[in-house]
Amino acid sequence: MKKVLVAATLASLLLSPLSQAADYIIDDKGGHASINFKIKHLGYSWLTGRFDNFNGKFSYDPTNIDASTIEVAIDTNSINSNHGERDKHLRGGDYLNVAKFSDAKFVSSSITDIGNDKLLVKGLFTLHGVSKEITIDAVKIGEGQDPWGGYRAGFSGTTKIGLKDFGINANLGPTSTHVEISLHIEGVKK
Amino acid sequence: MRNTENNYGWLTISLHWLAAGTIIGLFSLGFWMVDLSYYDTWYKQGADLHKSIGALLFLLMLFRVIWKYLQVTPLPINEHSKFEQNAAHIVHKLLYLMIFAIMLTGYLISTADGRAIAVFNWFSIASLGSFFANQADIAGLIHKYLAYSLITVVVFHVIGALKHHFIDKDKTLIRMLSNKAVKQVNSST
Chain U
288 MKKVLVAATL ASLLLSPLSQ AADYIIDDKG GHASINFKIK HLGYSWLTGR
338 FDNFNGKFSY DPTNIDASTI EVAIDTNSIN SNHGERDKHL RGGDYLNVAK
388 FSDAKFVSSS ITDIGNDKLL VKGLFTLHGV SKEITIDAVK IGEGQDPWGG
438 YRAGFSGTTK IGLKDFGINA NLGPTSTHVE ISLHIEGVKK
Chain E
195 MRNTENNYGW LTISLHWLAA GTIIGLFSLG FWMVDLSYYD TWYKQGADLH
245 KSIGALLFLL MLFRVIWKYL QVTPLPINEH SKFEQNAAHI VHKLLYLMIF
295 AIMLTGYLIS TADGRAIAVF NWFSIASLGS FFANQADIAG LIHKYLAYSL
345 ITVVVFHVIG ALKHHFIDKD KTLIRMLSNK AVKQVNSST
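Line by line, the protein sequences give chains U and E. For the first sequence, my numbering gives the first residue as 288, with consecutive numbering after it. For the second sequence, my numbering gives the first residue as 195, with consecutive numbering after it.
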């Protein structure tokens, strides 16, 4: 009886990480995550920037990827393009209007494994008060034990959104109608 | 050149009108440029010019204040009542205070991220860093509303001057145009 119990406990310990989706908190506190964007400047170069403050969580099961989910909330007020006056404009009424829309949000609706660690993450993105379905092309970077007793998994993802689709009508020129957003996230297992 | 008990000196008069023209110009430029779109030619030039002229206005105003305290202030002219004198003093103090506050907040917007302000291509004013959170936005709001308030006070200042000229028919306005406007202020009033 004792042997059976030990065997069962061992088996469940071994099997549980494989059979259950794990919940992760995005490590924004430790700075192991970033949300960056880039947009063409006049068509001559890339202007890059980031959102300094955001948080999120995801649930990930390598054996059942389709059951995974992710949720990220972005503080739009934290936009940072390394130019104070430009950031002031970006926060203003012509662009993000952060006084009214202080949060942007992505909530996944489906995650599809397309092989080679690549994932298609579909979901609802809310920005500037407008919610639209978008697809993020994501790739798993890695997962495993960290040296401090935790377990981590990390992903990268990119997507491209049209400014007008989200009600941002400022004219930045014909080559600057879309912005590419990239997420680099590392989650710590709860 | 210097003020006397009766009249403003020509330097004081010149400084007044130079500052007046610059302030009206800066307000108009600022009011116009904030609505320019990204593809307007003046989108960048307008702001650069606004900052450069603003910085020069600061030097002008600094010199004006020093010059004011280095010499006598002409006495109020005979026709002015005590109420008018007090009202004028308050308006003048407000004008100085607001002008300096607007220049300070303008500086805080442009230097919030550590960047210096380039004054034409002559020199640049260093940033002293960020003093409070959301500095560019908060300073920007104060800058805007102070500028509107300043122009409101300027309107009162102008109405006062015109009232003295056309209704009271005294030398108040002429004194700011000529250094020989008044022969003798009666110092008993």
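These are computed hints drawn from the structure, not numbers from a lab. Take the hints with a grain of salt, since some may be wrong.
[What the hints assert, rightly or not] Subject to a maximum C-alpha distance of 30 Å in a straight line, what follows is the list of computed DSBU-like cross-link-like pairs (lysine-lysine):
1) E:238 - U:327
2) U:327 - U:476
3) E:238 - U:447
4) U:290 - U:316
5) E:377 - E:238
6) E:338 - U:387
7) U:387 - E:238
8) U:375 - U:387
9) U:325 - E:238
10) E:262 - U:375
11) E:338 - U:451
12) E:238 - U:451
13) E:287 - E:374
14) E:338 - U:375
Evaluation of the provided hints:
Proximity of residue 238 of chain E to residue 327 of chain U is assessed by CA-CA distance (about 18 Å); at most 30 Å being required, the pair is judged to hold. The hinted pair formed by residue 327 of chain U and residue 476 of chain U fails the criterion: a straight-line CA distance of about 37 Å is larger than 30 Å. A C-alpha spacing of about 28 Å is found between residue 238 of chain E and residue 447 of chain U, which places the hinted pair at or below 30 Å, so the restraint holds. Taking the CA atoms of residue 290 of chain U and residue 316 of chain U, the gap is about 44 Å. The hint is violated against a cut of 30 Å.
For the suggested pair residue 377 of chain E and residue 238 of chain E, the alpha carbons sit about 50 Å apart, so the restraint of at most 30 Å is broken. A distance of roughly 20 Å separates the Cα atoms of residue 338 of chain E and residue 387 of chain U; the hinted pair therefore holds under the 30 Å criterion. Distance restraint check for residue 387 of chain U and residue 238 of chain E: the Cα-Cα separation of roughly 27 Å lies within the 30 Å cut-off, and the hinted pair is therefore satisfied. Note on residue 375 of chain U and residue 387 of chain U: the hinted pairing holds, with a Cα-Cα distance of about 15 Å set against a maximum of 30 Å.
Between residue 325 of chain U and residue 238 of chain E the alpha-carbon distance is near 21 Å, which keeps this suggested pair within the 30 Å criterion. Taking the CA atoms of residue 262 of chain E and residue 375 of chain U, the gap is about 38 Å. The hint is violated against a cut of 30 Å. Simply put, residue 338 of chain E and residue 451 of chain U have alpha-carbon atoms about 28 Å apart, close enough for the 30 Å limit, and the pair holds. For the hint pairing residue 238 of chain E with residue 451 of chain U, the CA-to-CA distance comes to about 24 Å; that is within 30 Å, so the pair holds.
Taking the CA atoms of residue 287 of chain E and residue 374 of chain E, the gap is near 25 Å; set against the 30 Å cutoff, the hint holds. Restraint check for residue 338 of chain E and residue 375 of chain U: the C-alpha separation of about 14 Å stays at or below 30 Å, so the hint holds.
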